[in-house]
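These protein sequence lines are chains D and F, in that order.
Numbered by the working numbering, the letters in the first sequence go through residues 3 to 116 in order.
Numbered by the working numbering, the letters in the second sequence go through residues 9 to 117 in order.
Bear in mind the hints are in silico, worked out from the structure with no lab data behind them.
We put the CB at the ideal spot given by N, CA and C, even for glycine.
Take these hints with a grain of salt, some might be off.
In silico negatives: residues of chain D with every beta carbon more than 12 Å from chain F [as the list claims (entries may be wrong)]:
| no. | residue |
| --- | --- |
| 1 | L13 |
| 2 | T16 |
| 3 | Q19 |
| 4 | Q20 |
| 5 | V21 |
| 6 | T22 |
| 7 | Q46 |
| 8 | F47 |
| 9 | E54 |
| 10 | E55 |
| 11 | P63 |
| 12 | D64 |
| 13 | F71 |
| 14 | V115 |
Example chain F residues on the side facing chain D (calculated, C-beta under 10 Å, incomplete) [to be verified]:
| no. | residue |
| --- | --- |
| 15 | Y42 |
| 16 | P52 |
| 17 | T87 |
| 18 | F107 |
| 19 | V115 |
The chain contents come next:
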Amino acid sequence: DAGVTQSPTHLIKTRGQQVTLRCSPKSGHDTVSWYQQALGQGPQFIFQYYEEEERQRGNFPDRFSGHQFPNYSSELNVNALLLGDSALYLCASSLPFASGSGYTFGSGTRLTVV
Amino acid sequence: DAKTTQPPSMDCAEGRAANLPCNHSTISGNEYVYWYRQIHSQGPQYIIHGLKNNETNEMASLIITEDRKSSTLILPHATLRDTAVYYCIVKTGQGNLIFGKGTKLSVKP
């Protein structure tokens, strides 16, 4: 049973560019959450998608946007990249309204902005 | 969701029990205690959770004090592969996971 798959694993972008990260959820899961993890910090919640709509959002600017497709996969888009956007971006899948034990995380995409 | 306090780092000898504390003095009656860990270069992994009673599974044990203001995650026989950052999270049954900085556990030979 495949877990959460994220692509690419590593990415280098230039300040001001745009980036798209991808996530395929665990089989049977239909809810996708995105987290940003800066070096030495815990993951910070960006937003969650369910039924192709953004259901909850953390304290992140509008430069961060997302999409969920009918097959439950998801994309995270970041526009006008800043040096501070350099981080590990994690995707977690779950069932809707899952308890705290029901999240499966991918290994993340390491984004470096230069 | 209640705030948690964890020590930034701990060491443990291989084969010994690792006891990781977490304070959550503002926890409310309907909030659970969850533990996740993050091994280097991987995403967080669920370990265990509890509400009032002590819990045990194949990975660890969770001891929650009677007043529920603190808890301890116990890895009974730590191995080098248990070296990771351990996160204690307090939340209601639904809703997103809110991570702090966690405790960096180093298991040494």
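Each hint tested on the structure:
Remark: the non-interface label on D/L13 is consistent with the geometry, its nearest Cβ contact in chain F lying 15 Å away (cut-off 12 Å). For D/T16, the condition that its CB be more than 12 Å from all CB atoms of chain F holds, with the nearest at approximately 24 Å. Against chain F, the non-interface label of D/Q19 holds: every CB pair exceeds 12 Å, the least being about 25 Å. Consistency note on D/Q20: stated as away from chain F, and its beta-carbon is indeed over 12 Å from all of that chain's, at 24 Å minimum.
Here D/V21 stays apart from chain F, with its beta-carbon at least about 19 Å from theirs, past the 12 Å limit. Interface exclusion of D/T22 from chain F stands, the closest Cβ pair being 19 Å apart, more than 12 Å. Not every C-beta of chain F lies more than 12 Å from that of D/Q46, the closest at about 7 Å, which undercuts listing it as non-interface. Annotated as non-interface, D/F47 brings its C-beta within 12 Å of a C-beta of chain F; the closest such distance is 5 Å.
No Cβ of chain F comes within 12 Å of the Cβ of D/E54; the nearest lies about 18 Å off, and the non-interface call holds. Here D/E55 stays apart from chain F, with its beta-carbon at least about 16 Å from theirs, past the 12 Å limit. Distance to chain F confirms D/P63 as a non-interface residue, since its nearest Cβ pair spans about 18 Å, more than 12 Å. Residue placement check: D/D64 keeps its beta carbon more than 12 Å from all beta carbons of chain F (closest about 19 Å).
For D/F71, the requirement that its beta carbon stay farther than 12 Å from each beta carbon of chain F is met, with the minimum near 21 Å. Against chain F, the non-interface label of D/V115 holds: every CB pair exceeds 12 Å, the least being about 19 Å. At its closest, the beta carbon of F/Y42 sits 4 Å from a beta carbon of chain D; the interface hint therefore holds under the 10 Å criterion. This hint holds: F/P52 has a C-beta 5 Å from the nearest C-beta of chain D, less than the 10 Å allowed.
Checking F/T87 against chain D: minimum C-beta separation of about 21 Å lies over 10 Å; hint violated. With its C-beta approaching chain D no nearer than about 3 Å, F/F107 sits inside the 10 Å limit, and its interface hint holds. The interface hint given for F/V115 is violated, since its Cβ lies 20 Å from the closest Cβ of chain D, which is over the 10 Å cut-off.
Hint compliance for this structure: hints 7, 8, 17, 19 are not met, and every other hint is.
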